[in-house]
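Q: Two chains, two frames, a set of hints: combine them into the complex.
Below are the chains, spelled out letter by letter.
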Amino acid sequence: MDLSRLKQIDNWSWTVPLAPGEARGEVKLYGSRELLATMDDKVIEQITNVARLPGLVGPAMTMPDAHWGYGFPIGGVAAFDPEQGGIISAGGVGFDISCGIRCLRTNLQLVDVAGELPSLARELSEKIPAGVGEEGDIKLAPEALDEVLARGAQWAVEHGYGDAADLEFIEEGGRVAGPVPENVSVLAKKRQRGEMGTLGSGNHYLEVQVVDRIHDQVAAQAYGLREGQLLVSIHCGSRGLGHQIGTDYLVSLAKAASRLGIRLPDRELACAPINTPEGRQYIGAMNAAINCALANRQILTHLTRQCFTRLMPRATLETLFDVSHNTCKREQHVVEGKQRLLYVHRKGATRAFGPGHPALPERYRAVGQPVVIGGSMGTGSYILAGTAESERKAFSSASHGAGRAMSRKQALKQWHGRQLVDELARQGILIRTRSMRGVAEEAPGAYKDVDAVAEATERAGLARRVAFLRPKVCVKG
Amino acid sequence: MSTPPIPKPGDNEYFEHDADIGVVGRGVTLEEAFESAASATFAVMADLSAVRPERSVTLDFEEADLEIALVRWLNLLLGLSHEQGLVFSRFWIEHDGVLWRGGASGEPWRRDLERGVEVKGATLTMLEVKQGPDGWRARCVVDV
Chain A
1 MDLSRLKQID NWSWTVPLAP GEARGEVKLY GSRELLATMD DKVIEQITNV
51 ARLPGLVGPA MTMPDAHWGY GFPIGGVAAF DPEQGGIISA GGVGFDISCG
101 IRCLRTNLQL VDVAGELPSL ARELSEKIPA GVGEEGDIKL APEALDEVLA
151 RGAQWAVEHG YGDAADLEFI EEGGRVAGPV PENVSVLAKK RQRGEMGTLG
201 SGNHYLEVQV VDRIHDQVAA QAYGLREGQL LVSIHCGSRG LGHQIGTDYL
251 VSLAKAASRL GIRLPDRELA CAPINTPEGR QYIGAMNAAI NCALANRQIL
301 THLTRQCFTR LMPRATLETL FDVSHNTCKR EQHVVEGKQR LLYVHRKGAT
351 RAFGPGHPAL PERYRAVGQP VVIGGSMGTG SYILAGTAES ERKAFSSASH
401 GAGRAMSRKQ ALKQWHGRQL VDELARQGIL IRTRSMRGVA EEAPGAYKDV
451 DAVAEATERA GLARRVAFLR PKVCVKG
Chain B
1 MSTPPIPKPG DNEYFEHDAD IGVVGRGVTL EEAFESAASA TFAVMADLSA
51 VRPERSVTLD FEEADLEIAL VRWLNLLLGL SHEQGLVFSR FWIEHDGVLW
101 RGGASGEPWR RDLERGVEVK GATLTMLEVK QGPDGWRARC VVDV
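In order, the protein sequences belong to chains A and B. Residue 1 is where the first sequence starts when you use our numbering, and the numbers rise one by one after that. Residue 1 is where the second sequence starts when you use our numbering, and the numbers rise one by one after that.
Okay, chain B solo, but in the shape it has when bound (with noise of 0.2 Å):
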């Protein structure tokens, strides 16, 4: 498992939508696209770049679906991070056939905290995770 950097401002990447945000996520592997759907999704609520990575998680699940799989990732994260008090700007995930392991790591909100607005969960709009030449996108419309 390699350390995969702070995401900066601006790379996250998002599409639109009327009343809620569309994630996007992209990796020369499916995994890494995973990671930075999570990480797209957790920018929506602080800024990253300023979250240190001082307490993990870990978390998984099983899932054939590889659209399904997306949603769960996301939402195993936000459920876990609403739950422990934690914004996480950190991810892993691997996956063998429909098994799904992965962490977050991050830390308890500050007062000093630059906040952005609440994500609610993934939802199943525009969702889609497809290999192309350039490698795999995984995007779909988050509730806020």
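Just chain A, with the same shape it has in the complex (with noise of 0.2 Å):
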């Protein structure tokens, strides 16, 4: 990126000096010098595009993890006021809608189970549907498929996928309200039938982690995890339903803006006033693919019990917590003193609510709500707690991983696949995929220095680390 283009505010966040007039709001970029310094100029007209669409309350800002996207960018945040003609955005929530990370804390410690690795990947990759073309055991009628869209992963529960108490600590208790299943088309939920409990490909994944280090130790405390602990983390979203409601809508909100007479800068921003008929059927739409995702990940939480109880029955696995990074959120939000109920863009975030927020669930409301930056399959990923700095900053939101430093085509020049695993496994990772082409296109060098994303994260006061996980088994989608 030329930071030319830029003026800094502080160490740890940016803007980008518009001409008056040029734009609703204004652009704020959070990230170290060195974090911008290696993203895309495209994230600069991306972001500073998405700044001059109707209805946006605050800056439209990325996350220090950003790069360029479709649409919004990855790492994008911005919030809309309905009341004043504020938008909705297929491409500000993007295709895998929901798309989001579940954290389970295990009663397991590395050192106690460590020669179970080896067996429990093996059991993880046979029995977790991952990668391109594979389907779950789960076939549903399209009458229970709309049962899952309305109530998300309090169907999965109730179907036996799972524990009542992991719903507590799932965004909006495992099922967001307001999803119209009528509004999904009849193709999203025919692509749905066979994919629930799949895990998907690119970069999905199922990681078995360690708790390396510690660094918030009250809200480690709270959060239940201690060094040496084993983690996993489940990173998926809402499969082919959420990927056909995002085609769907990108062309008819696309076509839509044009009727509806909002000059969009660039058409891949593709958008209605939220409340327009076009913007309301969206919506309807994208919650019922979030509770898709909900759901989705409760039941791959529910197969991952079975593998590790097969090997090691006296394993028990919490829902640590649930949190989604490519959603658009009704949320009540402070701004300038006042209450106002906003709708708030997350795409490649994570929402981030701070101490006492009444959302979160009791046992975390002193310290703040889990967020997972979840890094690339070879250095690691962090868990941090959300900020009341957040709040004012950011909307509560904070970075949802690592971010991409260079394209699938580079990283499939530039390393190969079996030598990847091979070298991971001397490292004491051990990589179970079905495409090696994805291994090499998830290259650890291919993403952004975890430590330097999560660091800028804490510096921007978006949301402050707890603890630093190091993989150990991953499942690769």
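Since the hints were made in silico from the structure, they are not lab data. All of these numbers come straight from a predicted model, not from anything done at the bench. In this text, a Cβ means the ideal position worked out from N, Cα and C, and glycines have one as well. There's no promise every hint is true.
[As the list claims (entries may be wrong)] Mimicking BS3-like on lysine-lysine, the simulated pairs with C-alpha atoms at most 25 Å apart in a straight line are:
# : chain 1 : residue 1 : chain 2 : residue 2
1 : A       : K42       : A       : K413
2 : B       : K130      : A       : K255
3 : A       : K393      : A       : K42
4 : A       : K409      : B       : K130
5 : A       : K190      : A       : K127
6 : A       : K139      : A       : K127
7 : B       : K130      : A       : K42
8 : A       : K127      : A       : K472
9 : A       : K7        : A       : K42
[What the hints assert, rightly or not] The following residues of chain A were derived to be distant from chain B, with all beta-carbon distances above 10 Å:
#  : residue
10 : T15
11 : G71
12 : V132
13 : V180
14 : A254
15 : L424
A: Right, here's the structure in full:
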């Protein structure tokens, strides 16, 4: 990124100088000089275009892990007021609606079960459907799928996939309000028929991790974390149903914007005012997809538990938290001293409510919401806690991952999947995959430095580091 | 309707994008460019030279905007592929004004098919359908 196009606010935040009237709000980019320097200039163009959209409240922002996306940049956050013509954008949510991370804490210490990890890796890779073209054992009739879309993870628990205790630690109790299954196309529902309880591919994964380092003892205690403990992170979303909703509405909203007289700086920002039939229709479908993703991660949680307990009967896996990072959520925020009802787009960004927020489960209310920055398979991930400062700065948002530093094409030129798998095995990280090409595309070196992203997230006041996790087993999608 | 050749590895063209993949289709005619873009898209997911054209699907749609037509063509193919559990390797399309009719052939996913990354959908980013001195070019970013 050409840093001369930016104006530095402080060590961890930057803005794009805009001429008066050039945009409806300001642009703010969070991150260190080094992180921003590695970003593509397209990130500036995309977030500046977001700042031109109707009804924007506060700045259009990027998180420290931002990179060039479609529509919004990945790591983009923007809030819109429906009473001021605010919009909803399919490109501001992404095709993988409600992609996110379910984090499970186990009662196992690495030192006690290290010898079981190869068996566990084999069991997980055999029982967790992963990769392009893979289907799960659950085949849902259309009526049952509508129930999933209406009830989310609650449906999954009621049908034997997991425990009621899981629901307390999923955003919105496992079911987002306002789903309208009728707004989801027949093709989207057909695509999901065999995809409940599947991981998908690309950057999706199921990882067994060890707590390597505690940064914040108080929050770690509240989250039930201790050094040497094994955790599991499941990264996936709403699968074919969400992808089809994304494709259906990207085109229909692009046409609606034109029909409704919204001048888009780029057609990729396809959107409609929230208070229009087109906007409401997408929101209903998107909420249905969020519930689909929450149910999907709940089913995968159940399958993961089965794998663990088959090998280690005394193992317990409790849901630490489940947080989505491709959403638009209806939330209350204080803006210039006033409560406002806003639609907050987070595209590759995580919600990060601070201490005391009423939406948090009692157990975490004093320390803030768990936030997961999922790193690459060779480096590690962070658990952070939401801060009060993030509410003031970023509508309670934080980074969601390490963020890509190079394209998949570049990564394929630089790495070979087999070599990477062997090298990671020498480092004590077991990779299980059906796609060596996918491994090369997801090479640790293709991502930003996760330590730098987590530090910038903390220094910018978006969330504070609680624990660093090292990967031990990774089932790649 | 002619039978298009099975693409060879390296035939497909891509352009750089940070998180996703840019696909490019080229052809003497607009239709060839669309078929080439479809091949590039599906080659992200599998080695198409190993995919047998055992089963076929057809599709049709109405679209006046050439660029939106490219996105709809690719997304309809992706939707049918995922709905029916098929991977496609051959593609054909024709159009008469706003009416588009096309199809694809392939086979169900096999364990021994070399796999790449799932394409979630075609986007409006870097979307362009253009005729130049050397023929037509059809491109866009696909989400993976």
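Q: Work down the list of hints and note, for each, if the structure agrees.
A: Outcome of the hint check:
no., hint, verdict
1, A:K42 <-> A:K413, "holds, 23 Å"
2, B:K130 <-> A:K255, "holds, 20 Å"
3, A:K393 <-> A:K42, "holds, 23 Å"
4, A:K409 <-> B:K130, "holds, 24 Å"
5, A:K190 <-> A:K127, "holds, 23 Å"
6, A:K139 <-> A:K127, "holds, 16 Å"
7, B:K130 <-> A:K42, "holds, 22 Å"
8, A:K127 <-> A:K472, "holds, 18 Å"
9, A:K7 <-> A:K42, "holds, 17 Å"
10, T15, "holds, 22 Å"
11, G71, "violated, 7 Å"
12, V132, "violated, 4 Å"
13, V180, "holds, 20 Å"
14, A254, "violated, 6 Å"
15, L424, "holds, 19 Å"
Violation of the numbered hints given earlier is confined to hints 11, 12, 14; the remaining hints are satisfied by the structure.
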